[in-house]
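Chain by chain, the residues:
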Amino acid sequence: MDTISLVFFALAFLTIVSSLMVVSSKNIFHSAIFLILALFGVAGLFVLLEAPFLAAAQVLIYVGAIAILMIFSVMLTARISDSGLRHTNEQVPTGLAISLGLLIVMLYSLWNTPIPVSEATPTGGAGHKLGELFLTTFVLPFEIVSVLLLAALISALVIAKRDGPLGGRGAGNETDEKREMEQGARPGN
Amino acid sequence: MLENAWLIPVFPLIAMVAIMLVTHRNRMLSAGLSIAAMSIAFIWSWAIALTVWNNPEAQRFSFEWLDLGPSMHIPLGIQIDGLTAMMLIVVSTVALMVNIYSVGYMHDDPLFSRYFAYLSLFGMAMLTLVLADNYFLMFVSWELVGLASYLLIGFWFEKQSASDAGKKAFITTRLGDLGFLIGLLMLYAAVGSLAFKDVNGAVQNGTLTGGYLTVAALCLFAGAVGKSAQVPLHVWLPDAMEGPTPVSALIHAATMVVAGVYLVARSLILFGVAQDASMVVAWIGIITSLMAATIGLVQNDIKRVLAYSTVSQLGYMIMALGLGGFTASMFHLMTHAFFKALLFLGAGSVIHAVHTNDIREMGGLHSKMKITSWTFLIAALAIAGVPPLSGFWSKDEIVAASAGHPVFMALTLLVAFMTAFYMFRLYFLTFTGTPRDHHRSDHAHESPLTMTGPLMFLAFLSIVSGFVGMPWLHHGFSSVVYIGEPHHAEFHLSTAIIATSVGLSGIALAYLMYYKRAIDPEKIAASVKGIYTTLYNKYYFDEAYDVLFIRPYYVVCDAWFWFDKTIVDGMVNGAGDLGMFWSRVNAWFDETFVDGAVNGVGIVTRAFGLTVRHLQTGRVQNYAFVVFATMVIIWLLQ
Amino acid sequence: MAAIGINHFLALSAVVFCIGVYGMLTRRNAIAVLMAVELMFNAVNITLVAFARYVTPETATGQVVAAFTIAVAAAEATVALAIVLLIYQHHRGIDVDKVNFMKW
Amino acid sequence: MFELDKLVKAVGDVIASLVTAMGLGSAWVTTVQLAVAALVVIVFAAVVVLFLVWWERKVSARIQMRVGPMRVGWHGLLQTIADAIKLLQKEDITPTNVDRGIYFWAPIITFVAALAVYVTIPFGKGLLVSDLNIGILYILSVTTFTVIGLLMAGWSSNNKYALLGGFRSAAQVVSYEVPMALSILGVILFTQSLSMGEIVSQQTKFHQWYVWRQPIGFLIYLVAATAECNRTPFDLPEADSELVAGFVTEYSGMKFAMFFLAEFLNMFSVAAIATTLFFGGWNGPFLPSWFWFMAKTLIGVFVLMWFRWTYPRLRVDQLMGFAWKFLLPLAFLNLLVTGFIILLVK
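Protein chains in written order, with the working numbering: chain Z, 1 to 189; chain C, 1001 to 1638; chain G, 2001 to 2104; chain F, 3001 to 3346.
Where hints are given, some of them may not hold.
[Unchecked claim] DSSO-like mimics (lysine-lysine), calculated; alpha carbons at most 27 Å apart, straight line:
hint	chain 1	residue 1	chain 2	residue 2
1	G	K2098	Z	K161
2	Z	K161	F	K3160
3	G	K2098	Z	K26
4	F	K3325	F	K3205
5	Z	K129	F	K3090
6	Z	K26	F	K3160
7	Z	K161	F	K3325
8	F	K3205	F	K3009
9	C	K1368	C	K1516
[Stated by the list, open to error] Pair by pair, the computed Cβ-Cβ distance ranges are:
hint	chain 1	residue 1	chain 2	residue 2	range
10	F	K3325	Z	S155	18 to 24 Å
11	F	L3024	Z	S155	54 to 60 Å
12	F	H3207	Z	S146	32 to 38 Å
13	Z	T94	C	W1588	51 to 57 Å
14	F	T3094	Z	P93	34 to 40 Å
These are calculated hints, taken from the structure and not from any lab test. We put the CB at the ideal spot given by N, CA and C, even for glycine.
Make a model of the complete structure from these sequences and hints.
Now the structure itself:
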């Protein structure tokens, strides 16, 4: 077994186990931490796939932004009583069946699909190539994504703003809000 | 000016609409509007007449009105020639005079404004009629004047007789109009156009000829018979005297009733080719003339005398046309319009003073109503054909036109004699002698200036209007109003003397009987009692119609009524009862089965919905589950 | 064992994706559902980058698309978490089960 | 003459020959070489931190007109070692209601993340563990794990002060990461490379230092980096007057030491990155490259200490407002102008 295989299987193991923990952990905070681990594993896979730029971006954006936002939200919304509650709904058996069925379907399809593998030397790992593509072939999607990000930024502000158009119960309940937040935002016992 | 002549009828139209919609609350403003509109028409008409006087060539201005494809298009337009110019003058002048006169005559009427609206409507229609360059527009306005006539005859609709008279006039003339319409359709079918120019051209170049032309011409003449009150459709005109007197003067003496004459005159080229039709026209004319004159001898209602006089004179004109005397007829039409309008307005003035129509209750009014009396006398002299008044010149030409036919000439002279007699009978009974009803006479007084003014103006016209047709004028009436070539009538001294003497003798007889009382009319009446009664009852025309048409009609109506009541109603009611029974059955069926089914559908649907709605849980995860499950299932099904 | 090839990555991607599907279908906590969705995103990204590496190595198109996916995921997470916070304000909880007021 | 690159190379060769002699492949050679390098870096980091802790005490003392530690060693130079020994000897207390797993991993992650940055920092000519071609991006990515550790610590401590500290830390780091990345991007526009070695090699002359071309970028970086390592005036996550000690409230002993280490490591790495990006890295005349690097970096560290003991702490809303409403637009503007100028010069 060569090093690449070793690394791959290690990363695959890390990713899969973390993913399983994400979906099965009773503690939502643990889920978030395992999500970070899974994302980190994926970033490692990217490195293995000779896409270091993407790996860095994965860590920077997923771990540095999305995961932190999620943890942030978890901290804002989790409550003491939560961990004692059922963390899954009644779809567990069926969902499990469907997921496994889907997995079988996909693996079966994968098994039966010949993929034309090219032997050319990979390029574009360091970002030069990607930058060129972003600003030439994919300039339109690039611009659209930037607009999308701006829109997301603004909409998130508008949605979550407490006294905004969609805001919850007005500024009058701030003390109440704070108290509840501080009480409720404890991890489970 | 000529090409814009179509604006002439527009002014009265505007006046009518304005009065009806806006100013009807203000009496004087309404009257002023009507008079102003008619004044414009009056001035314009005279201006046109002066132009045409110098250049009698016909001018036409038309535009496309209906374009229904290559084979069917109807242009509307106006035609201005001598005849039109003359008619314009007649119509606008008399209409203006009557408008002014009506201000005084209708002064106390509660529907004063509406009256002037109707007058304006009539003015619009009549002016359009004479301006039209085709039969189609003429027919439209022909019907419009009929409508105005109906409205004005029945103006005092609260009076049963007036209301009936209006209906009678309308229905009677409708009979003639039907013929007119058929004639139009025949002409259109044959010529493909209704323009006078095209129809006349078709007649002249021979495409329209023979029996077809004769029938078409007679159909057109049927319209004229109705409108111009010729035998046998004359019965409506005397009854039309139920309308206000100025209306009688305008519509039923001077203008509308001559529309029939005008129609025949316009179509005279047709009649010139269709000689058989011409003879029918001539005979109808002289019979009408004679019959109306004889009836006029014995009538006691001042307006009815004048009405029969009108019918008689219209018969004159028709006869002249039938004999080809176009210029003579038209000349007489013009002069007659003036003096007959004057007579009617004078009669109106009298009626206004004494509040009765019966000449037996009048008498001795000369001293009380000098202007009315004098102007009435002038008109009477004019109609009697006394030189040099206008009637003399025109009647002279009619006599000259009938000179070629001894029978017609004799009858013409006889009618002339009777005309002179009954006019002066009327005059003497009304204005001279002693008042027979002192109560009425004492309150009599001269009419206001708005009424006497038109009288005097028309009297002036009655005197001078004949001069334009004096035979020795180089450029006179006949140089302007003619068909084909200008026809200058020679002055026949003998004819003139005969006609004048006939007229004078009629006057003399009336003088003896009703002024000097040298001959007692009662005795004469008694000696020829049968004839007198017949004449007094107007040859029993109305009664004959009653027996011949109306009663059988009623009988048939009763029969049909019985049939309707018994059979049809029975069937209908039976069907109704059956329907109700069937409806009840249906209702029961509906309520039980259909409603049950409908409600059942609703209940089932609701139950289904209540069951199925659980599928829509509002939970995204369930939906996502379905999505992924479907993916797997689809793959498995492959 | 054969050398690591594209099929290894794709199989791994499928496994991660199905784990994400399971989590999305079963978790009650809205944030947990979001996490599962992120897992699915990442599975897709693995696929994209694997294809870019093995099928079209000379053009990095797959990596570009993966980068777009990451950006879109960031936007999605932002808005979704804002909504979660709003729901929390209204309902004092973020159980997806209870956020079913769009039904019927 | 005192350059260390030859020494490093020689050590590497020795390792390679040793591993090869043991009959292992080239992959193992690299692995062992990296392991040794990592070990060296860890030792170096520990020494640096020990020095920095002492230095901070001395600097703060001088700023406050005191003398600071004087007893242990020359001018108290060994004071930190004594303190470290004391910390290592202390009982490792784990409070009852903490979330144990996370409580345990939080300091480790923080420390490892802080340490991992050193992989790509060029300490001198040839003194670079791995010259990744995405070097600067790698640093940005790895530093984000620091905040994960802080969050974990704040959450798992089951303490409201710790939690609030975690909150503040997350918000602050995520916010200031954006202007920091943008200010670095200004430099990258010039270098056209993400590799740290490449960046250093472009600044051999004094006038080539990127601080001259990116003065505003440097200022933004300085402010944002200060916030990134949670130092005063941006030390809200651990503001002792408000939150006791923030996310480290419940930690003691070795775990506390790791947080402490991580903080100083971060401070050093921030200064090192600033040196590399803006001040020519290890380039300098006469003296060896590692000396120049250390000199420049320590000056940077001194500036950070100077800030800490000079400026008062910000309020939390001022902190966020400053990041989003001032630094971010400024960074964007800087980037825009930079790009425009580069286009013009080309």
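Results of checking the hints against the structure:
{"no.": "1", "hint": "G:K2098 - Z:K161", "verdict": "22 Å, holds"}
{"no.": "2", "hint": "Z:K161 - F:K3160", "verdict": "24 Å, holds"}
{"no.": "3", "hint": "G:K2098 - Z:K26", "verdict": "18 Å, holds"}
{"no.": "4", "hint": "F:K3325 - F:K3205", "verdict": "36 Å, violated"}
{"no.": "5", "hint": "Z:K129 - F:K3090", "verdict": "53 Å, violated"}
{"no.": "6", "hint": "Z:K26 - F:K3160", "verdict": "22 Å, holds"}
{"no.": "7", "hint": "Z:K161 - F:K3325", "verdict": "17 Å, holds"}
{"no.": "8", "hint": "F:K3205 - F:K3009", "verdict": "26 Å, holds"}
{"no.": "9", "hint": "C:K1368 - C:K1516", "verdict": "21 Å, holds"}
{"no.": "10", "hint": "F:K3325 - Z:S155: 18 to 24 Å", "verdict": "19 Å, holds"}
{"no.": "11", "hint": "F:L3024 - Z:S155: 54 to 60 Å", "verdict": "56 Å, holds"}
{"no.": "12", "hint": "F:H3207 - Z:S146: 32 to 38 Å", "verdict": "35 Å, holds"}
{"no.": "13", "hint": "Z:T94 - C:W1588: 51 to 57 Å", "verdict": "53 Å, holds"}
{"no.": "14", "hint": "F:T3094 - Z:P93: 34 to 40 Å", "verdict": "38 Å, holds"}
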